[in-house]
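Participant: Read top to bottom, the protein sequences are chains V and A. If you're matching positions, the first sequence starts at 1 in the numbering used here and goes up one per residue. If you're matching positions, the second sequence starts at 1 in the numbering used here and goes up one per residue.
Accuracy of the hints is not assured; some may be wrong.
As the list claims (entries may be wrong) - Think about it this way: if two alpha-carbon atoms lie no more than 25 Å apart in a straight line, the pair counts; the simulated BS3-like pairs of lysine-lysine are:
id, chain 1, residue 1, chain 2, residue 2
1, V, Lys262, V, Lys572
2, V, Lys524, V, Lys435
3, V, Lys435, V, Lys396
4, V, Lys499, A, Lys81
5, V, Lys499, V, Lys524
6, A, Lys205, V, Lys524
7, A, Lys205, V, Lys435
8, V, Lys572, V, Lys334
9, V, Lys572, V, Lys499
Said to hold, decoys possible - So these bits of chain V aren't anywhere near chain A, every CB distance computed over 12 Å:
id, residue
10, Arg87
11, Ala126
12, Leu168
13, Glu198
14, His309
15, Gln398
16, Lys431
17, Glu461
18, Val466
19, Ser486
20, Glu489
21, His494
22, Ala542
23, Pro547
24, Pro667
Please keep in mind that the hints were generated in silico from the structure rather than gathered at the bench. Ideal Cβ placement from N, Cα and C applies to all residues, glycine included.
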Amino acid sequence: MTLLEIRDLSVIYRTQQGTVQAVDRVALEMHQAQHLGIIGESGCGKTTLLRALIRVLPRNGKITAGQILFKGRDLLTLSEREMRQLRWREIAMIPQASMDSLNPVQRVGRQLEELLTVRGKLDRAAARRRAVELFEMVGLGTERLEHYPHEFSGGMKQRAVIAMALALQPSLLIADEPVTALDVIVQFQVLEVLRQLEHELNLTILLITHDISVVAQLCDSVAVMYAGQIVERSSAEQFFNAPGHPYSLGLQHAFPHLVRPKDYLISIEGYPPDLHHPPQACRFAERCPFAEPRCHQQSPALEEIAPQHWAACLRAEEMDSLRQQAGDPQVWLKTQAARQSANGNGRHFSGNHHDREVKTLPTAQVAAAQPLVEVRELSKRYHIGGGLAGLLRGQKPQTVYAVNHVSFNLQRGESLGLAGESGCGKTTTGKLLVKLLEPSAGQIIFDGQDTAGLSRRQLREFRRRVQLMFQNPFEALNPRFTLYRSLAEPLIIHGWRDKAQRRARIIETLEYVNLRPAEAFLDKYPHQLSGGQLQRVVLARALVLRPDLLIADEPVSMLDVSVRAGILNTMKGLARELGLTTVYISHDLSLLQYTCDRIAIMYLGHVVEIGPSQDIISQPRHPYTQALISAVPVPDPALPNPPLRIREGVPRPTQQAIGCPFVERCPEAMEVCRNVFPPAIKVSEQHQVLCHLYGEHAASPRLPEPMEESLS
Amino acid sequence: METGSKLDLPAVLVAPAGGPRGSWLGQFLRTNFEVFQRDFLALLGLIILLFFVVVAIFAPLIAPYGPTEVIEQEGIWLSNKKPSDQFILGTTNLGRDIFSQLVYGARPALLVGFSAAIAVSMIGTLVGLLAGYFGGWVDALLMRLADVAFGIPFLPFIIVLSAFLDPSIWNVVLAMAALLWRDSSRVIRAQVLVIREQAFVSAAKVSGAGHLRIVFLYIAPSILPLTFLYGSLAIGWAILTEASVSFLGFGDPNVVSWGYMLQDAFLSQALSRGAFYWFIPPGVCIMLTVMAGFFIGRGYEEILFPRLRRQ
Chain V
1 MTLLEIRDLS VIYRTQQGTV QAVDRVALEM HQAQHLGIIG ESGCGKTTLL
51 RALIRVLPRN GKITAGQILF KGRDLLTLSE REMRQLRWRE IAMIPQASMD
101 SLNPVQRVGR QLEELLTVRG KLDRAAARRR AVELFEMVGL GTERLEHYPH
151 EFSGGMKQRA VIAMALALQP SLLIADEPVT ALDVIVQFQV LEVLRQLEHE
201 LNLTILLITH DISVVAQLCD SVAVMYAGQI VERSSAEQFF NAPGHPYSLG
251 LQHAFPHLVR PKDYLISIEG YPPDLHHPPQ ACRFAERCPF AEPRCHQQSP
301 ALEEIAPQHW AACLRAEEMD SLRQQAGDPQ VWLKTQAARQ SANGNGRHFS
351 GNHHDREVKT LPTAQVAAAQ PLVEVRELSK RYHIGGGLAG LLRGQKPQTV
401 YAVNHVSFNL QRGESLGLAG ESGCGKTTTG KLLVKLLEPS AGQIIFDGQD
451 TAGLSRRQLR EFRRRVQLMF QNPFEALNPR FTLYRSLAEP LIIHGWRDKA
501 QRRARIIETL EYVNLRPAEA FLDKYPHQLS GGQLQRVVLA RALVLRPDLL
551 IADEPVSMLD VSVRAGILNT MKGLARELGL TTVYISHDLS LLQYTCDRIA
601 IMYLGHVVEI GPSQDIISQP RHPYTQALIS AVPVPDPALP NPPLRIREGV
651 PRPTQQAIGC PFVERCPEAM EVCRNVFPPA IKVSEQHQVL CHLYGEHAAS
701 PRLPEPMEES LS
Chain A
1 METGSKLDLP AVLVAPAGGP RGSWLGQFLR TNFEVFQRDF LALLGLIILL
51 FFVVVAIFAP LIAPYGPTEV IEQEGIWLSN KKPSDQFILG TTNLGRDIFS
101 QLVYGARPAL LVGFSAAIAV SMIGTLVGLL AGYFGGWVDA LLMRLADVAF
151 GIPFLPFIIV LSAFLDPSIW NVVLAMAALL WRDSSRVIRA QVLVIREQAF
201 VSAAKVSGAG HLRIVFLYIA PSILPLTFLY GSLAIGWAIL TEASVSFLGF
251 GDPNVVSWGY MLQDAFLSQA LSRGAFYWFI PPGVCIMLTV MAGFFIGRGY
301 EEILFPRLRR Q
C-alpha cells in the first residue's frame with residue numbers, strides 16, 4: 001500500500017543572491033513498512049525535502065510546485081491546524097542533533113508522559129504504562145524515566161528521542177542523520193535499536209544521511225539525491241551491487257571499507273553546481289569521469305534501467321562497463337572539475353597527487369634507530385570542581401585523568417593513528433605532543449631532547465618542527481587574514497625577513513597541497529573557499545615551515561565524503577615525499593587503517609592496544625578494540641556487523657582505576673581485572689595490548705553479566 | 001553532514017563584511033562604513049554628532065556673543081529678553097545670550113563625550129583582552145576589580161570626586177574612566193574567551209607566535225566592533241552625566257555647558273516664568289547628542305548581533 005507519494009515537488013529558497021532551487025521536481029513513493037534512505041552530500045537538498053514533507057521550512061523557503069500525498073491526502077492543501085494534528089501523530093521526526101531536543105530541566109519520563117497525555121490523550125496511569133513500554137522498547141532501563149537528560153549518555157539520549165518519536169505510533173518516521181555525531185559504539189547501538197524496531201513495529205522509515213554505511217545497515221531501498229534532484233532510485237541491494245549512476249559509483253569508492261580495505265580511495269573532485277542557476281544539462285557532468293559532450297548539453301531524465309531501478313544518466317545503458325572503470329582512481333582524475341583545478345573562480349580544486357609530476361623535497365635524513373618522538377608515561381590531569389565557588393558549595397575537587405601513563409614511540413617517517421571514543425584522551429595527547437598543553441607527568445622526548453625544559457630558542461625550533469592540523473577548517477584560519485597572510489604568519493614568526501623568499505615558499509607549499517594555480521588563492525579570504533580547499537590551506541600552513549612531525553586532529557571529519565579522500569591522499573603522498581612523521585587522531589578506524597602504519601587504541605586516557613594497522617584491524621586483542629571494530633558500520637548490506645560485545649556504561653574519567661580501566665564495560669571481565677592494573681603484553685614484536693586476558697590470568701572465570709540494560 | 005558549521009558568532013566577528021580586499025584596517029573601516037550604510041538611524045546619529053562637532057569647532061564664528069558675556073545697552077543689562085531678531089533665543093537673567101551659550105555648550109559636551117568614550121572603551125577593551133586571554137589570576141584580579149567598580153554608585157562617586165578635586169568637566173571623564181570600563185570589559189572578556197578557543201588562535205600558538213602577537217593580531221581585531229559599540233554608548237552617557245553633574249551644581253562654574261544652562265535656568269525660576277526658550281533648547285541638545293550616541297551604538301549592535309534585526 002502506498003503510504004507516501006511525493007509528486008514533482010519543488011522547493012525554493014529566496015536569498016540575497018536570488019532564488020535557490022533547493023529541491024527540483026522530486027518524485028518519490030513509499031509503501032508501508034518500507035525503509036528508504038536518501039543519500040547525498042551536504043547542500044543537495046535532503047534536509048529541505050524532509051522539512052518540506054512536514055511543512056517546517058525556514059521562512060525564506062517556499063514550496064512552488066508538486067503534491068505530497070500522505071495516505072491519499074495532499075499535505076500541501078491542509079491548513080496549519082490540520083498539519084499540526086498530523087505531525088508527530090502520523091509523521092514523527094528524529095531531528096539532526098536530536099540529543100539537544102530534550103528539555104534539560106525536566107525528567108525524561110515526565111517529558112514523555114506529557115507528550116502522551118497532551119497529544120496522545122491518555123490518562124496519567126496509561127501514559128505511565130506506555131512510557132515504560134517505550135523505554136523498554138528502545139532498550140533503556142525503566143528507572144531511567146526518573147532521570148534528567150544530563151544523566152544520560154549521548155546514546156541514551158538518542159534512544160529517548162527515538163522513544164518520543166515513536167510514542168504516538170506514527171505511520172511514518174523520518175530521521176535526519178539519526179546517528180551522525182555519535183561515537184561509533186553508540187552509533188552501532190542506536191542503529192541496532194532502529195533495526196530491531198523496524199522489524200518489531202513494522203515501521204516505515206524515511207531517513208537521510210551522507211553515510212552510505214548507515215543506509216546499508218538500515219534501509220531496504222535507496223534514493224540518491226544530487227543538486228536538488230533524485231538521480232538514482234533502487235533497492236538497497238541493487239544500489240550496492242550494481243549502482244546505476246556515476247555519482248553513486250563515486251560515493252561507494254570514496255568510502256573506506258574496514259572489511260575489504262581499498263588501496264586507494266577516490267575523490268569526486270569539484271562541488272555540486274550553484275543552485276541559483278542550475279545547469280540545464282546533467283548536473284553531475286562537471287564532476288563525472290564518464291561525461292560526454294552531450295552530457296554538458298542534455299539533461300537526463302530518471303528512467304528505469306532495470307526492474308525497480310531508476311537512474312538519471314545519459315549513459316545508463318553502458319553502466320556495466322562504467323562500473324568496471326569506476327574502481328580505477330585514475331578515471332576520477334579525468335573529470336572536468338579535476339582538470340579545471342583551481343582556475344581562478346575558486347570553486348574547483350585539484351585533488352590527487354597521483355598522476356602529477358611531483359616535486360620532491362630534500363628528503364629528511366633517514367634516521368638512525370633513534371625514534372623521532374618518545375612518549376614516556378605521559379599523563380595529563382585536570383582538577384575540576386575546585387576553586388572557591390566549589391569549596392563553598394561543599395564540592396570535593398575531582399581529578400579528571402585525561403591522559404594516563406601513555407607511552408609510545410614514533411619512528412621517523414611513520415604514521416600513527418590514535419583512535420577511541422570521544423573523551424578517551426586522543427585529542428589531549430595530540431595537544432600535549434605539540435605543547436599546546438603541558439603534561440602533568442611524564443616526558444615527551446623529541447629528537448633526543450626532553451621537551452619539558454626547552455630554552456626559548458629551543459622552543460622556537462620545536463615550534464618550527466612540530467605542527468598541528470585542525471579538525472574544523474572553518475575555524476582554523478584567521479577570518480581576517482588573506483590566505484597569503486595566514487601562510488606568511490609562521491614564516492614571519494620564524495624570522496623569514498625576505499618577502500620574495502616568503503612568497504616563493506608559500507606558493508611552493510600551496511602547490512604541494514594541490515591548490516593550483518597558487519597565485520589565485522593568495523588574496524582570498526577563508527570564507528571564499530570551500531571546506532575541502534580550506535583544509536588544504538590548513539595543511540599548507542602546517543607544512544610551510546617544513547616540520548618533521550605533523551599531528552592531524554580529525555583532519556577530514558568535518559568534510560563531505562566526496563572530498564575526504566582527496567585530502568587524505570594528498571596528506572599521505574606529502575608525508576612520504578617530505579619524510580614527515582604523522583600522527584592522525586580520529587574516531588574513524590577505517591580512515592586510520594587507510595592512512596596509518598600503526599594504530600593505538602585509547603580508552604580513558606590509556607593506550608590499551610597498539611600495533612600495526614593490519615594487525616589491529618584483523619586480529620584485535622583487547623576486548624575494547626574488538627568492540628570498536630565490530631561497531632564500525634560496513635557500507636555493504638550483504639555484510640552485517642558481527643554482534644557487539646560490550647557492556648553498557650559510561651566511561652568515568654574521574655575515577656582513577658585501581659584495576660583495568662575498561663573493567664565495567666568489558667564482556668570478558670575477571671575478578672583480577674577489578675583489582676590489578678593489566679600488564680602490557682606483547683602479542684608480537686610490534687603489537688602490544690594492555691589486558692589480563694593474554695597474561696597469566698587468561699583462564700580465570702569471567703564475571704557474570706550485570707542485569708541492566710542488556711539490549712546491546 | 002554539516003560542512004559549514006561555524007561557531008555561532010556574530011557575523012562581523014567571523015568574516016570580514018563587505019568586499020574582502022586590502023588590509024584588515026581597510027576591512028575594518030568598511031565594516032564601520034557598513035554600519036551606517038545599513039542602518040538609517042545609525043546614519044542619522046552620525047549626522048547629528050557631526051553637526052554638533054562642526055558647531056563646537058566653529059562656535060566663535062556661529063555664536064554672536066561670548067557664552068558668559070553680559071550684554072549691556074547703555075549700561076543696562078539686557079536680561080530676561082524674549083527671543084527676538086537680536087537674541088534668537090532670548091537672554092538669561094544675567095543678560096547673556098542663550099543661543100551663544102547653546103552653541104558654546106556643545107564644546108564641553110563633546111569634549112567630555114568623546115574623551116570619556118575613548119577612555120572607557122580603551123580601558124574596557126584592554127582589561128577584557130587581558131582578563132580573557134590570560135585567564136587565571138590576571139582574570140581573577142581584573143574581574144574582582146570590575147566587581148568593585150560595579151558596586152560603586154556612579155553619580156555619588158562623581159560628587160565625592162568633585163568635592164576632593166577642583167570642579168572641572170574632567171571629573172566626569174575621570175569618574176567614567178574609573179568606573180564605566182566595567183561593562184565593556186565584561187562583555188569583551190566573554191568574547192575573548194570564545195575567540196581564544198578558536199583553532200586559528202591555537203594554530204598561531206603552535207607556529208610559535210608570542211602572546212602580544214596573538215592578542216593584538218588575532219584577537220583584538222575581532223572585538224573592535226564591540227569596542228566601538230561601547231564607545232558610542234559612552235558618548236551619550238558622558239554627556240548625560242556631565243549635564244546631571246552641572247545641573248546638580250557640581251560642575252565647573254566657568255564652563256558653560258548644556259547642563260550648566262539647565263541649572264542656571266532652574267535657579268533663576270525660568271520654569272515658573274515660562275521661559276521655554278531658555279531650558280528647552282539645551283534639553284533638546286542633550287537629548288539629541290545622547291540619542292545620536294545610542295543610535296550609532298544600536299547600529300553596531302545590529303551588525304554584531306544580526307538576530308536583533310529580524311525582530
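Participant: Each of the hints needs a verdict: does it hold here or not?
Facilitator: Verification of the supplied hints:
With a CA separation close to 14 Å, the supplied pair V/Lys262 and V/Lys572 stays within the 25 Å bound. Pair hint V/Lys524 plus V/Lys435 does not hold up; C-alpha atoms about 30 Å apart against a cutoff of 25 Å. Of the supplied pair hints, the one linking V/Lys435 and V/Lys396 is violated, its CA atoms being roughly 29 Å apart against a limit of 25 Å. For the proposed pair V/Lys499 and A/Lys81, the alpha carbon gap of about 72 Å is over 25 Å, so the pair is violated.
Between the alpha carbons of V/Lys499 and V/Lys524 the distance comes to roughly 19 Å, so the proposed pair stays at or under 25 Å and holds. For a cut-off of 25 Å, the pair hint linking A/Lys205 to V/Lys524 stands: about 23 Å separates their Cα positions. As the CA atoms of A/Lys205 and V/Lys435 are separated by approximately 9 Å, the hinted pair is consistent with the 25 Å bound. Simply put, V/Lys572 and V/Lys334 have alpha-carbon atoms about 21 Å apart, close enough for the 25 Å limit, and the pair holds.
For the given pair, V/Lys572 sits about 30 Å from V/Lys499 by alpha-carbon distance, which is inconsistent with the 25 Å threshold. Against the 12 Å criterion, V/Arg87 stays outside the reach of chain A, whose nearest CB is about 24 Å from its own CB. The Cβ of V/Ala126 lies farther than 12 Å from every Cβ of chain A, with a closest approach of about 40 Å, so its non-interface assignment holds. Remark: the non-interface label on V/Leu168 is consistent with the geometry, its nearest Cβ contact in chain A lying 29 Å away (cut-off 12 Å).
For V/Glu198, the condition that its CB be more than 12 Å from all CB atoms of chain A holds, with the nearest at approximately 23 Å. Listed as a non-interface residue, V/His309 keeps its Cβ farther than 12 Å from every Cβ of chain A; the least gap is roughly 26 Å. Every Cβ of chain A is farther than 12 Å from the Cβ of V/Gln398; the closest lies at roughly 20 Å, confirming the non-interface assignment. In this structure V/Lys431 is not separated from chain A by more than 12 Å, as the shortest Cβ-Cβ distance comes to only about 8 Å.
Not every CB of chain A is more than 12 Å from the CB of V/Glu461 (nearest about 9 Å), against its label as outside the interface. Non-interface status of V/Val466 relative to chain A is broken: a Cβ of that chain comes within 12 Å, the nearest being about 8 Å off. Look at V/Ser486: its CB is around 8 Å from the nearest CB on chain A, not clear of 12 Å, so calling it non-interface is violated. Against chain A, the non-interface label of V/Glu489 is violated: not every CB pair exceeds 12 Å, the least being about 6 Å.
Not every C-beta of chain A lies more than 12 Å from that of V/His494, the closest at about 6 Å, which undercuts listing it as non-interface. Residue placement check: V/Ala542 does not keep its beta carbon more than 12 Å from all beta carbons of chain A (closest about 8 Å). A beta-carbon of chain A comes within 12 Å of the beta-carbon of V/Pro547; the shortest separation is about 10 Å. Every Cβ of chain A is farther than 12 Å from the Cβ of V/Pro667; the closest lies at roughly 32 Å, confirming the non-interface assignment.
Going down the numbered hints, you'll see the structure goes against 2, 3, 4, 9, 16, 17, 18, 19, 20, 21, 22, 23, while the others check out.
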